[in-house]
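Chains A and B, in that order, give the protein sequences. Residue 401, in our numbering, is where the first sequence stops; the numbers in between run on with no holes. Residue 401, in our numbering, is where the second sequence stops; the numbers in between run on with no holes.
It should be emphasised that the hints constitute simulated quantities derived from the structure, not laboratory data. You may find that some hints are simply not true.
Any copy will do: because identical chains look the same in the list, a pair fits if it lies in one copy or spans two.
[Claimed, not checked] No farther apart than 20 angstroms at their CA atoms in a straight line, the calculated lysine to any residue pairs in the SDA-like style are these:
| no. | residue 1 | residue 2 |
| --- | --- | --- |
| 1 | K145 | E193 |
| 2 | K148 | D15 |
| 3 | K148 | Y177 |
| 4 | K145 | G398 |
| 5 | K148 | Q181 |
| 6 | K148 | N128 |
| 7 | K148 | A197 |
| 8 | K145 | L195 |
| 9 | K148 | G263 |
| 10 | K148 | D268 |
| 11 | K145 | D292 |
| 12 | K145 | G23 |
| 13 | K148 | S137 |
| 14 | K145 | G232 |
| 15 | K148 | G23 |
| 16 | K145 | E397 |
| 17 | K148 | S294 |
| 18 | K145 | D106 |
| 19 | K145 | E400 |
| 20 | K148 | A303 |
| 21 | K145 | S294 |
| 22 | K145 | G99 |
| 23 | K148 | S364 |
| 24 | K145 | D383 |
2 protein chains.
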Amino acid sequence: MDERVREHAEVLVDWSARVEAGDDVVVSVAEDAHDLGVAVAEALGERGANVTTLYGSDELSRAYLKGAEARADGDRSGDNPDDDPDDDSAADPDDPGGVPDFDDDPAVDRAIFEAADAYLRIGGGRNTTASADVASETRQAYAKARKGVREARMDTDWVSTVHPTRSLAQQAGMAYEEYQEFVYDAVLRDWEALAAEMARMKEVLDAGEEVRIVTERDGAPDTDVAMSIAGRTAVNSAASVAYDSHNLPSGEVFTAPYDAEGEAFFDVPMTIDATRVRDVRLVFEGGEVVDFSAEAGEDALASVLDTDAGARRLGELGIGMNRGIDRFTDSILFDEKMGDTVHLAVGRAYDACLPAGESGNDSAVHVDMISDVGERSRLEVDGEVVQRDGAFRWEEGFEG
Amino acid sequence: MDERVREHAEVLVDWSARVEAGDDVVVSVAEDAHDLGVAVAEALGERGANVTTLYGSDELSRAYLKGAEARADGDRSGDNPDDDPDDDSAADPDDPGGVPDFDDDPAVDRAIFEAADAYLRIGGGRNTTASADVASETRQAYAKARKGVREARMDTDWVSTVHPTRSLAQQAGMAYEEYQEFVYDAVLRDWEALAAEMARMKEVLDAGEEVRIVTERDGAPDTDVAMSIAGRTAVNSAASVAYDSHNLPSGEVFTAPYDAEGEAFFDVPMTIDATRVRDVRLVFEGGEVVDFSAEAGEDALASVLDTDAGARRLGELGIGMNRGIDRFTDSILFDEKMGDTVHLAVGRAYDACLPAGESGNDSAVHVDMISDVGERSRLEVDGEVVQRDGAFRWEEGFEG
């Protein structure tokens, strides 16, 4: 086995999830993530933890949902031999929609996450579009029914990572070995040192009241946007549950801004609901998006912004600080943590950034948009430049 | 997808496990059993069941156990940085054995099977000897700690089957496509008809008091063994939980004999604890094995018989009636159900064969030994021939 796979497993188990002897750990292994699953299982045995392994197969999920769709269609047409008028878990025969009904309290899945101390999700399937032919209504109905399970899962010490697979390499537009290098560069950091550096940024944001981001770049609209962060707490997202950070890799500091004013341009492409979205421009007045455009995928962007009232307000300001990530791969797990980037998200804010008992921006969506700030840009907090052209003020080469 | 895979899934879900809408079904998918897992997930979606998928990987299990061994070794040598004197889940440092201590109440695994209605185990790994380098003491310690989980699992409507893989084909000494044919011939039966035929055999055994098996075959020692079955109930093992039968394929009728007298010869090779055992001869007096021999693997046989007092007494008499199985493949899932065979097991008897509240032969082991009865043999119940040269008395060609 590639030694980097073992190192990845050790970072995941020890730094990220902080597994200790006696912990009940649930590991979900995607179709092609077997090798990392093996390395994680060995590490968990060494730590004296219990392990339960789930098969996180997109193809199985798709098959289950397609089966449920066939059932809902059968119920509607009335020719399903399994049709039982007394069975209230079946779809309502009067429902013309044909959207499957799912049990909103699946006993086994709930029991798993209620009993688990930690949950390690290892992505890495064989096809990132494995569920492309499942109706979005079906997916939404399933996600809605799984709300309780999802909440129980979020109450564990959960960490999400990926094993580099050919399918993910393809999504990133990279060769397989090239993509492996990319993933391990991002994951196998000196996390202790990065956490210390990110603590400096958190300190600045926690003490600050206003953030202003300015970019002046050739061929791109300028960004000049200001937002309040007074009273908000930044999260030092250092890829560990000890830092309330649940992604490996991570490497961003984020907070929950409000009252945005000005114009922001996002030059990093992204995918919203399978639609490619490029060159997004948002105009804020009084904290709300009052105008927007995109060079591609504008309809998908409009649909996000129209979701609910909170979808037009900011939920997150994030500053990417993982310099192991040096290119965009169309995966939010990596893109938003890249060094020399900042991102803003419209939609839901994270509770960890809010004063206890206070609710921040609420929305059914949370969509991150990323801007490269490596050149001709600056980030100011209360009028002082903290980052210019990518360099932080505590770094060599910083020119205030 | 091969249509036979879908048919296999339907037999498993509908005939074997009797899954209904709203059931909580746990499916364990082995490393190379993905395709059958997909077909089962689709069928469960169609039935309106909930599904939770476990990854039944022998390589992950092996890695976990090797990790636990490394931990136990580290604890013993005292140089394990994780060594914590207050941690009672760690191995006892005074224990010179280096055998891992396992948590005997793993919360997640127990919760899964306590919440599950049905458990479908789909075997089919990449290497049947994937755990060959795990110490047998480690395996035993793990199995012992898992007793509670195993009992909870046996309380579900569980069914064990296999997806035909190259690894299993290799174990059977067959080409891959040839092995696929073999598995589907065994699994895709008219189970309703076979269950009806097996019911006739069950009727004979339930009414009978004494079974005698006689073989006179060229080049092999003769068998002439008699045993009592009075008061015992035969199980019609028709590959369905509705028949208290938990294997797919199945196709045997079995009961719990006692007071064996005589000599039995088993010409079908088998594997006991990774040792090939051939041509076993057992001599019974007063229900106990008083003499034995094997042409190969006699030590492994001796070790089984020496396990405990019950290991020298019979726990099972089984009559194979699945004529879809036409060859031995060194897999008990198939071998013992083959048409024209009978098998006796030393060790533990199944509760289902015993009068309510009565305990039959008790032992830590249950080892099946198989005899081909297709030629020059007869099975008598209370002096009447029920099967001669493989043919049952209700079949054409039977010569009483």
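Each hint tested on the structure:
1. Taking the shortest alpha-carbon separations for K145 and E193, neither the intra-copy value of 38 angstroms nor the inter-copy value of 40 angstroms comes in at or below 20 angstroms.
2. For the identical chains of this complex, K148 and D15 are neighbours neither inside a copy (29 angstroms) nor across copies (29 angstroms), given an alpha-carbon limit of 20 angstroms.
3. Proximity of K148 to Y177 under the C-alpha cut-off of 20 angstroms is found in neither arrangement, the shortest distances being 35 angstroms within a copy and 43 angstroms between copies.
4. In this assembly of identical chains, K145 and G398 lie within 20 angstroms of each other by CA distance neither inside one copy nor across copies; the values are 49 angstroms within and 62 angstroms between.
5. In this assembly of identical chains, the alpha carbons of K148 and Q181 never lie at most 20 angstroms apart, being 34 angstroms within a copy and 41 angstroms across copies at closest.
6. Proximity of K148 to N128 under the C-alpha cut-off of 20 angstroms is found in neither arrangement, the shortest distances being 25 angstroms within a copy and 38 angstroms between copies.
7. Taking identical chains as interchangeable, the C-alpha atoms of K148 and A197 are never at most 20 angstroms apart, the minima being 35 angstroms within one chain and 46 angstroms between chains.
8. With identical chains, the CA atoms of K145 and L195 are never at most 20 angstroms apart, being 37 angstroms at best within one copy and 44 angstroms at best between copies.
9. Neither within a single protomer nor between protomers do K148 and G263 lie at most 20 angstroms apart by alpha-carbon distance, with minima of 36 angstroms and 64 angstroms respectively.
10. Taking identical chains as interchangeable, the C-alpha atoms of K148 and D268 are never at most 20 angstroms apart, the minima being 33 angstroms within one chain and 57 angstroms between chains.
11. For the homomeric pair K145 and D292, neither the shortest alpha-carbon distance inside one copy (31 angstroms) nor that between copies (66 angstroms) is at most 20 angstroms.
12. For a Cα distance limit of 20 angstroms, the shortest separation of K145 from G23 across copies, 17 angstroms, qualifies, whereas the shortest one inside one copy, 33 angstroms, does not.
13. When the C-alpha separation of K148 and S137 is checked against a cutoff of 20 angstroms, the pair qualifies only within one copy, where the shortest distance is 17 angstroms, while the shortest distance between copies is 43 angstroms.
14. In this assembly of identical chains, K145 and G232 lie within 20 angstroms of each other by CA distance neither inside one copy nor across copies; the values are 32 angstroms within and 55 angstroms between.
15. In this homomeric assembly, K148 and G23 come within 20 angstroms of each other (Cα to Cα) only across copies, at 18 angstroms, whereas the closest approach inside a single copy is 28 angstroms.
16. Taking the shortest alpha-carbon separations for K145 and E397, neither the intra-copy value of 49 angstroms nor the inter-copy value of 60 angstroms comes in at or below 20 angstroms.
17. Neither within a single protomer nor between protomers do K148 and S294 lie at most 20 angstroms apart by alpha-carbon distance, with minima of 33 angstroms and 62 angstroms respectively.
18. Taking the shortest alpha-carbon separations for K145 and D106, only the intra-copy value of 11 angstroms comes in at or below 20 angstroms, while the best inter-copy value is 33 angstroms.
19. Taking the shortest Cα distances, K145 and E400 never come within 20 angstroms of each other, neither inside one copy (49 angstroms) nor across copies (66 angstroms).
20. Within a single copy, K148 and A303 get their C-alpha atoms no closer than 26 angstroms, and across copies no closer than 56 angstroms, so neither meets the 20 angstroms cut-off.
21. In this assembly of identical chains, K145 and S294 lie within 20 angstroms of each other by CA distance neither inside one copy nor across copies; the values are 30 angstroms within and 64 angstroms between.
22. In this assembly of identical chains, the alpha carbons of K145 and G99 lie at most 20 angstroms apart only when taken from the same copy (16 angstroms versus 48 angstroms across copies).
23. For the homomeric pair K148 and S364, the shortest alpha-carbon distance inside one copy (15 angstroms) is at most 20 angstroms, but the shortest distance between copies (47 angstroms) is not.
24. In this homomeric assembly, K145 and D383 never come within 20 angstroms of each other (Cα to Cα): the closest approach is 41 angstroms inside a single copy and 63 angstroms across copies.
Taken one by one, the earlier hints fail for this structure at numbers 1, 2, 3, 4, 5, 6, 7, 8, 9, 10, 11, 14, 16, 17, 19, 20, 21, 24, listed in ascending order.
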